[in-house]
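With chain A's structure known, arrange chain B on it following the hints.
Protein chains: 2
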Amino acid sequence: MSTVKAEIIAIGDELLYGQIMDTNSHWISQQLDLVGVRVVRKTTVGDNRLDILDAFSKAEKRADIILITGGLGPTQDDLTKPLMAEYFECPIVEFPEAVEAVTTFFKRRGREITPLNILQGHLPACCTYVPNEVGTAPGMWFSKNGTYWMSMPGVPHEMKKLMKDFVLPKLPQLFELPVIVHEVIKTVGIGESWLADLIKDWENALPEHIKLAYLPSLGHVKLRLTGFGQSKENLQEEIQSQIAIVMPLIQDYVYGYNEETLETAIGKLLKKSNKTLALAESCTGGFISHLITSIAGSSAYFQGALVPYHNQFKHEILGVSDVTLSEFGAVSEETVREMAVGIKKLFKSDFGLSSSGIAGPDGGTEAKPVGTIWIACAGDGFVETKKLQLTQDRLLNIELTAVAVLNLFRICFSRK
Amino acid sequence: MSTVKAEIIAIGDELLYGQIMDTNSHWISQQLDLVGVRVVRKTTVGDNRLDILDAFSKAEKRADIILITGGLGPTQDDLTKPLMAEYFECPIVEFPEAVEAVTTFFKRRGREITPLNILQGHLPACCTYVPNEVGTAPGMWFSKNGTYWMSMPGVPHEMKKLMKDFVLPKLPQLFELPVIVHEVIKTVGIGESWLADLIKDWENALPEHIKLAYLPSLGHVKLRLTGFGQSKENLQEEIQSQIAIVMPLIQDYVYGYNEETLETAIGKLLKKSNKTLALAESCTGGFISHLITSIAGSSAYFQGALVPYHNQFKHEILGVSDVTLSEFGAVSEETVREMAVGIKKLFKSDFGLSSSGIAGPDGGTEAKPVGTIWIACAGDGFVETKKLQLTQDRLLNIELTAVAVLNLFRICFSRK
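Each protein sequence line maps, in turn, to chains A and B.
By this note's numbering, the letter at position 38 of the first sequence is numbered 38, and the numbering carries on one by one without gaps.
By this note's numbering, the letter at position 341 of the second sequence is numbered 341, and the numbering carries on one by one without gaps.
So here's chain A without its partners, still in its complex pose (with noise of 0.2 Å):
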């Protein structure tokens, strides 16, 4: 069985002039990549003849099928349908179930049909109508050489229906699908070059229909293990071998697999214990309560938040000391200290966290430069804290902050 090799080609000047962003392809790569076709290419051009037709003569030599999307709307520079035509070297004809479906579309919205609309129901002879219930310019499905084409509009809720309705049921029938098997191990707290160099050994010893790839992100690093086989529940038992293997190695770090975030998986931590988090934000000014308060059901573990943004509340409402304030300053160990303990009290919380730092890109002194933030967590009985020193972008540090808060909350948690 040989892999099944897809390109995606979306056309439209709109898109290569960055007025409209194409979220088509990549939905469409997730629907192809969970039934194991594997995209090769994808491909944006104008609205050009000769763009166009290069396309389609260049993706038939390389994929198995086709998908178009975009170029078809009723107007002259929608090119589509008659370089279809041209390509496949069939004319455009009326199709009546076609004509008869955009007719029908129009008629049930009370509006009057124009002969530019009618028109959408003239197909490429050689082409199967699919019809598109949601929208006025039909799908248009070709076969040939052994290589499959599917046309279909840009607006995206159109797209998605032909595709569930129609595409993404025929593949099965069409080809013999290899299984895919993904597993993404979700790490916070290490960079990817440090991770590459813990796990190199484990790595390097995979067995060849295992690959590995690295995703960094902001404080994160994603390791997504791709298998590739004849059976789903052997691939993923032995993907689960391999990270029982290599799990000892990176624990400290992982967070999570696959669709969890850091949010998601503190907020099954407190849930499962029934504990509750309040934060007190300084320098991340509500961007920690956004990120938690984002997640449905965070009222069952979150209490609240305050953002004191002058050190005259964070004495008033959380009780942070004069003294240390003018001693310290706000960006120090021992302010975020005391933020954590007032607001954990404020709040009545189980756990409270702190930030208090110089986000940039102004602010910033000798001994304390822009970038200098202090964090800290306190539970019952104690208080952790740690200084980050990170970069000149304003809200850059905000997330990279927010990311070691939420961090430092997970290994207070587990360690208590």
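If you are wondering where the hints come from, they were derived from the structure by calculation, not from laboratory data.
It is possible that some hints are incorrect.
No distinction is drawn between identical chains; accordingly, a pair holds when it is met within one copy or between any pair of copies.
[Unchecked claim] Straight-line distance between alpha carbons at most 35 Å, and here's what the computed DSBU-like set of lysine-lysine pairs gives:
hint : residue 1 : residue 2
1    : Lys61     : Lys186
2    : Lys268    : Lys170
3    : Lys222    : Lys272
4    : Lys160    : Lys186
5    : Lys58     : Lys348
6    : Lys161    : Lys386
7    : Lys170    : Lys186
Computed from a predicted model, the values in this text were never measured in an experiment.
Just chain B now, with coordinates in the frame of chain A:
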């Protein structure tokens, strides 16, 4: 003057498998469009030698400048650097300046550098090393037979910094670019079709060489005027006189121009009048505070925020009366009114803003379905409130509410 053509190549299996959405190509498209460079194709290929080399050679035939993102990590699955060396037929050698930069990058973060990371300072001998101040993988610039190439990391903020600091300033030195003037009017609180109705006579009377685009985003509509011509000064004058004509029709909805955001516009209002602001965020969970504190210098007018995620804290910390909470509920005009007054008092600010609602997806009732949200703005001697009826989507509700709260403040501020 001929059109300058660009191609964008994104590299990485994770983009083909749909695990990461390629937002880079979209952003690059937008930036190139602004300076009059025409993107003719975008291609995404995986971590595969032949596919990458094929994308390089095809792009070279079509484009004047080729922008490449991704595939630059320190690990073995990242192929961009060795393949660029292969394509340009030059060896990878140590660039002492690049090794120095990556070493400093690690030192500044107090972390030990690994041999893998040191290798990030080794580059194809024929490239120009472009320092990456916010990451470890340098940019690489190539020039061959009149075509220019830039390779950048896939991490969005690193790519953006290299584009802004190096590529975009370089374009006018390399190419004769057309004169394009953009001016964006930022509106809030009115939908696209209402706006279009308001200004349709003005729009129809625009001269041929000035184009109007509606760019809707969450709660906002941007009106982008683009002028094409020979003289920047003339175009700017023409566009300004067109804006002068349309403004009387839309001024209630306009909060700024170009890079202005609702947050920066509000900051300016407060700073100019020496007034201060505080927030009581229930359903928005700290998101508005995050938006405001993302602006450098916001401490001049922002006092702080409270996220009282349970009624108990709305009462205890903010002073919302128990009677109000039990009689009208947390999601009510009466509660947000008392929250806005309470937060103004707690933080001794000139204005207090509040939000309380059912963000969803659960927690709705027949009387108060998901998406029911109350917001308020309190100033000296007045409180204005507003009810929103939004969507079923939690994050969307949070974001739309934030825009509505900031807009309510803008309106209150201008009236009092």
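Each hint, compared with the structure:
1. Lys61 with Lys186: Result: close neither inside a copy nor across copies, 37 Å intra and 41 Å inter.
2. Lys268 with Lys170: So Lys268 and Lys170 pass the 35 Å test inside one copy only (33 Å; across, 50 Å).
3. Lys222 with Lys272: Result: close within a single copy only, 25 Å intra versus 46 Å inter.
4. Lys160 with Lys186: Intra 23 Å, inter 26 Å, cutoff 35 Å: intra and inter.
5. Lys58 with Lys348: neither (64 Å within a copy, 64 Å between copies)
6. Lys161 with Lys386: Answer is between: at 29 Å across copies they meet the 35 Å cutoff, but 40 Å inside does not.
7. Lys170 with Lys186: within (29 Å within a copy, 39 Å between copies)
Violated hints, in rising order: 1, 5; the structure is consistent with all others.
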